[in-house]
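**Student:** With chain A's structure known, arrange chain B on it following the hints.
In the order they appear, the protein sequences are chains A and B.
Numbers 1 to 252, taken from the UniProt record's numbering, label the letters of the first sequence in order.
Numbers 1 to 252, taken from the UniProt record's numbering, label the letters of the second sequence in order.
Keep in mind the hints are simulated off the structure, nothing from the lab.
It is possible that part of the hints are untrue.
Given that identical chains are not distinguished, each listed pair holds provided it fits within a single copy or across any two copies.
No more than 35 Å apart at the CA atoms, straight line, and that leaves these computed lysine-lysine pairs for DSBU-like [to be verified]:
1. K131 / K107
2. K62 / K107
3. K196 / K128
4. K62 / K174
5. K131 / K196
6. K107 / K196
7. K62 / K131
Being a predicted model, the structure only gives us computed values, none of them experimental.
Number of protein chains: 2
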Amino acid sequence: MTQPTAAVLLIGDELLSGRTRDINLQQIAQYLEPIGIPVRECRTVPDIEEEIVAAVNALRAKYTYVFTTGGIGPTHDDITADAIAAAFGTGISEHPEVLAEMAERYKAMNTDFTPARRRMARIPHGAKIVKNPVSGAPGFQMENVFTMAGVPQIARAMLEDIGPRLEGGARVHKVQLRGPGLREGDLAEPLGAIAKAYPDVSIGSYPWYLGTGDNGVALVARSTDTVRLETVRGELEALMRGLGVEPIPDPL
Amino acid sequence: MTQPTAAVLLIGDELLSGRTRDINLQQIAQYLEPIGIPVRECRTVPDIEEEIVAAVNALRAKYTYVFTTGGIGPTHDDITADAIAAAFGTGISEHPEVLAEMAERYKAMNTDFTPARRRMARIPHGAKIVKNPVSGAPGFQMENVFTMAGVPQIARAMLEDIGPRLEGGARVHKVQLRGPGLREGDLAEPLGAIAKAYPDVSIGSYPWYLGTGDNGVALVARSTDTVRLETVRGELEALMRGLGVEPIPDPL
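Only chain A is shown next, with the shape it has when bound in the complex (with noise of 0.2 Å):
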């Protein structure tokens, strides 16, 4: 089976200027692993039309699946849809059924739907709509791009409704070790041999400092092979040990 790959693209000038601090990479991630989609590339984008074609562009033919957040409200700048129609070279225009259940919405909550809050029903021609249960507004697929929303709570909930349209490859697995006290110089010639005795496995390496005592290293080996994945987990258990320290399976 070959495994399917994924790319995330983040749009919008506030998490380039330091504003803003992202989560959806990361919820985007740990809502793909489990399904054996791992996430490749990601790239930040600022609101400008023609770096989200060009990104949207370069990913949409490199990985199966790209997940895109941001850009989909109704101010003037939102320009995500109108760059992905664009980037697809297709039209854009009001989704009917889309803005039928908008108009719906907004009169059952005795708001005004104002032409700004009718730009989100603007759906790139040939695309499916993507749900979304917080605010209504939906997301949509347009091939193997999703479009969803900037609001991480929003983002999250429109996953759900795209889950089921994927597929799926080889569940990675995984083993978190940690070691309190380690020290990345100490270990790393032991774990370097490991890493080139399992070269299907993935194994990292990661150093946490949280002040004076406690530091440690954690690491983290991954594999679509449990058989495998057992064995090094000894491997890592041994070396930890090896160096004085007992080691904490850790949930990842």
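**Tutor:** Same frame as chain A, now just chain B:
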């Protein structure tokens, strides 16, 4: 004056797997903003040399400065220094002064200067050193590319050594006004008119939803021209008051 630009390249499997939520983009952007160097793009790539090389070469050709984080530690998955050397088509070897300083530092800490730790003294030929006052092992500058550690505290310290080497641009000033209870759909049209009337001022709209009753919209305007910015501030305040909300000035 031409405005300098920057790109950020985040390197590490842990960012794409969802294990770690990045904060380096935000802190780099916040460091560069006051010296007039806007971040225009960010990419996140895995610990795979060809991916790092391709991203470095794409970004360094397009932006004035590139800042990379991650992958310069002592373990087998720390391959950024080699990737930077490959991207520039240059060699890499132990830097004599770095090696001497690190040897002394580890001796003072009564810690073995293992071959793995010596790996951190390998610097691409022609690079200038970037000091690491936190843990010793340095970053480096290769032409317009600055390579920093992934640990946020270390990356932050390295920025202090990099700062004086950067040629800043016109300072971008900003105004942020918070409007509790505002909804984007109600202000989007007059806001769009303001944005159109002041094309030299960048205006963003950022809704927040922090639970029942705590929601609203923050409007942010940015410009190098403080006079124009104050005019726009007046327009935005009038817009909010016209919707019955007293704007709250907010430090960014």
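**Student:** The structure should be examined with respect to each hint, and the outcome stated for every one.
**Tutor:** Now for the hints, and whether the structure bears them out:
no.	hint	verdict
1	K131 / K107	within (19 Å within a copy, 60 Å between copies)
2	K62 / K107	neither (43 Å within a copy, 48 Å between copies)
3	K196 / K128	between (45 Å within a copy, 31 Å between copies)
4	K62 / K174	within (26 Å within a copy, 38 Å between copies)
5	K131 / K196	between (45 Å within a copy, 31 Å between copies)
6	K107 / K196	between (63 Å within a copy, 30 Å between copies)
7	K62 / K131	within (26 Å within a copy, 37 Å between copies)
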